[in-house]
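S.K.: The listed protein sequences correspond, in order, to chains A and B.
Here the working numbering is used: the first residue of the first sequence is 1, the next is one more, and so on.
Here the working numbering is used: the first residue of the second sequence is 1, the next is one more, and so on.
Please note that the accuracy of each hint is not assured.
Unchecked claim - So the derived label-pair ranges between C-beta atoms look like this:
#  : chain 1 : residue 1 : chain 2 : residue 2 : range
1  : B       : G284      : A       : A33       : 53 to 59 Å
2  : B       : R461      : A       : P23       : 40 to 46 Å
3  : A       : S58       : B       : Y73       : 53 to 59 Å
4  : A       : A33       : B       : N173      : 30 to 36 Å
5  : A       : I47       : B       : G429      : 14 to 20 Å
6  : A       : P23       : B       : K256      : 47 to 53 Å
7  : B       : F124      : A       : I47       : 44 to 50 Å
8  : B       : R74       : A       : R84       : 34 to 40 Å
9  : B       : N283      : A       : D9        : 52 to 58 Å
10 : B       : S250      : A       : G51       : 25 to 31 Å
11 : A       : D9        : B       : E11       : 52 to 58 Å
12 : B       : L364      : A       : R55       : 28 to 34 Å
13 : B       : K256      : A       : R84       : 48 to 54 Å
14 : B       : V103      : A       : A33       : 40 to 46 Å
Unchecked claim - Computed footprint of chain B on chain A, listed as stretches where at least three residues anywhere in the stretch have a Cβ under 8 Å from a Cβ of chain B:
#  : stretch
15 : 29-35
16 : 75-86
What the hints assert, rightly or not - Partial selection, computed: residues in chain A whose CB lies under 8 Å from chain B:
#  : residue
17 : M17
18 : L18
19 : P21
20 : Y26
21 : I47
22 : Q50
23 : K72
FYI, nobody ran anything at the bench for these hints, they're computed from the structure.
Yeah, the Cβ is synthetic: ideal placement off N, Cα and C, and Gly gets one too.
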Amino acid sequence: MQQHAVEFDELSTRCPMLGHPVPFSYCRQCGGALPCRKIVDCWSGRIDIQGFLSRSFSEEELSRIAAPPKPKLLQIIELARAARDRNGQ
Amino acid sequence: MNTKILLNEDEIPRQWYNLAADLPTPMQPPLGPDGNPVKPEDLAPVFPMNLIEQEVSQERWIDIPEEVLEILYRWRPSPLRRAVHLEKFLGTPARIYYKDEGVSPPGSHKPNTAVAQAWYNKQFGIKKITTETGAGQWGSALAFACALLGLECKVYMVRISFDQKPFRKLMMNVWGATCVASPSPNTQAGRDILAKTPDTPGSLGIAISEAIEEAVSDTSGQTRYALGSVLNHVMLHQSIIGLEAKKQLSKAGEKKVDVVIGCAGGGSNFAGIAFPFVADKINGAEIEIYPVEPSSCPTLTRAPFTYDHGDVAKMTPLLPMYTLGHGFVSPPIHAGGLRYHGMAPLVSQAVVEGLLTPKAYDQLHCYQSALIWAKTEGFIPAPETSHAIAAVIDEANKAKEEGKEKVILFNWSGHGLMDLVGYANFMDGRLIDYPLPEQDLKTSLKSLEGLPKAPMVKSGRW
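Put together the whole structure using the sequences plus the hints.
M.R.: Given below as structure tokens:
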């Protein structure tokens with residue numbers, strides 16, 4: 001992935017979730033092992049983002065990237081349960 | 001003629017309006033993986049029970065506590081302004097009004113719910129509230145609210161934002177909040193991430209994890225988490241916007257409003273201005289109510305109503321909402337908070353009923369409209385606000401063609417002075433419109449095949 005990433009890392013765009021400009025390097029890593037789920041949204045038309053993704057990730061990973069966010073209320077419940085598990089509560 | 005219609009403090013609405021009580025068909029509850037509705041107890045470690053009660057309430061009116069009003073008086077009632085210069089420019093017989101929510105100390109509508117949430121937490125015995133923030137608009141609103149109520153406030157700010165946006169962080173500090181870069185060593189979630197990737201720029205997902213972990217890990221039970229959008233109780237608190245507007249329109253001599261418009265993203269902005277007028281429509285008033293969304297992400301205007309899983313593994317609970325399917329990723333558009341995959345359930349159900357008429361606008365049209373607004377009314381709108389303005393201009397031109405004196409109301413959700421790069425890109429011709437091609441929509445919707453179809457329960461009145 002790194003080989004493909006460096007060619008775009010110095011480019012920047014406005015992140016709609018954070019509300020300010022971010023470099024491509026942020027978009028490709030802010031989802032942990034995966035890029036941001038909005039990476040296609042924000043970068044198509046500027047770079048060959050589909051090509052970057054297909055070169056860098058498996059089909060299963062691409063499906064996870066394209067997955068929408070979970071409903072907020074349920075996301076919160078899951079995060080609370082995960083936090084309690086982490087802390088042995 | 002007054003272009004600013006003001007209310008005295010003793011004229012402020014004293015109850016919030018809850019649309020859930022008046023929807024002709026009841027809301028379908030969010031479902032867990034087992035198919036059963038999510039229970040209030042599931043949320044108890046995260047939110048105080050008094051806010052959970054509001055989240056699931058079916059009461060039409062909920063009293064605004066006097067202590068909350070005392071704080072809101074610092075900027076509320078907010079002005080209702082008439083856009084006479086835009087009217088003149090367009091040569092329209094329409095009268096255009098907008099609710100100015102940019103007058104709060106933190107500069108947005110967010111404090112309407114931040115103050116209420118902080119107060120209810122305090123009533124529940126909570127001493128500390130945690131949250132996450134990106135650029136800091138919500139974080140600063142909550143910091144402001146906690147300062148006024150004597151609560152401790154801890155904000156996990158995404159590392160890259162923390163480094164790039166020092167002024168919002170300083171705002172939070174001025175109001176006495178602790179703002180830390182996320183991931184942080186303060187939580188196990190943060191430590192795990194830092195151990196793997198010490199130089200990570202963070203993300204909102206990590207920041208939310210940290211904020212919730214800090215809340216649920218406090219063994220004293222005196223810490224809770226707060227969210228500034230999407231949820232029902234947030235929209236409830238924002239209803240004060242539309243309730244004030246109704247009084248102000250009456251004060252301006254308007255007997256009825258014909259069109260209500262708001263940008264539709266997480267829901268609270270649109271719901272705040274629109275839901276009180278949806279109530280009038282339910283009771284027989286003839287009002288057109290338009291949630292406006294980007295044409296490249298037509299959540300309401302082209303997608304079917306269905307249950308949608310939150311992930312491709314289909315293990316997450318299901319929630320009825322308008323959806324474009326798991327595979328949908330919208331093309332680029334500078335519309336900030338508008339870029340949500342699904343719409344808030346209350347808004348979705350109102351659309352199903354036909355109470356709302358969603359509209360979609362492309363970003364070039366929106367920026368063109370924003371420039372017209374800036375050159376007439378003077379204020380430079382935020383990208384999200386420009387979607388509403390585009391719809392307002394269209395409606396005003398339509399009124400001109402029809403020769404009708406329509407009354408148009410919309411929510412001014414903020415200035416665009418922090419978004420000038422978007423304007424520069426537009427004026428330099430670097431923005432491109434990406435209306436979602438029909439074929440792309442069909443491909444996206446294939447992912448919904450085989451999922452249970454949410455029943456289209458509606459009264460059929462609209």
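S.K.: Taking the CB of K256 of chain B and the CB of R84 of chain A, does the distance hold inside 48 to 54 Å?
M.R.: At roughly 52 Å between Cβ atoms, R84 of chain A and K256 of chain B fall inside 48 to 54 Å, so the hint holds.
S.K.: Using the Cβ atoms, figure out if F124 of chain B sits within 44 to 50 Å of I47 of chain A.
M.R.: holds (49 Å)
S.K.: Do the beta carbons of I47 of chain A and G429 of chain B sit within 14 to 20 Å of each other?
M.R.: holds (18 Å)
S.K.: With a cut-off of 8 Å on the beta carbons, see whether I47 of chain A makes it to chain B.
M.R.: With a closest approach of 11 Å, the I47 of chain A hint is violated.
S.K.: For the range 30 to 36 Å, tell me whether the beta carbons of A33 of chain A and N173 of chain B fit it or not.
M.R.: With Cβ atoms ~34 Å apart, the hint holds.
S.K.: Grab the minimum C-beta distance from M17 of chain A to chain B and call the hint holds if it beats 8 Å, violated otherwise.
M.R.: holds (6 Å)
S.K.: Looking only at beta-carbon atoms, does the pair R461 of chain B, P23 of chain A fall within the given range of 40 to 46 Å?
M.R.: Given range 40 to 46 Å: violated, Cβ gap about 51 Å.
S.K.: Just tell me: holds or violated, for the beta carbon distance of L364 of chain B and R55 of chain A against 28 to 34 Å?
M.R.: holds (31 Å)
S.K.: Count the residues of the stretch 29-35 of chain A with a beta-carbon closer than 8 Å to any beta-carbon of chain B: does the count reach three?
M.R.: holds (count 4)
S.K.: Hint validation: Y26 of chain A versus chain B, beta carbon distance must be below 8 Å. Holds or violated?
M.R.: holds (5 Å)
S.K.: Verify the interface restraint on P21 of chain A: the C-beta must sit less than 8 Å from at least one C-beta of chain B.
M.R.: At about 7 Å, which falls below the 8 Å cut-off, the nearest Cβ of chain B leaves the hint on P21 of chain A intact, so it holds.
S.K.: Taking the Cβ atom of V103 of chain B and the Cβ atom of A33 of chain A, is their distance within the range 40 to 46 Å?
M.R.: holds (44 Å)
Hint check: violations occur at hints 2, 10, 21, 22; the rest are consistent with the structure.
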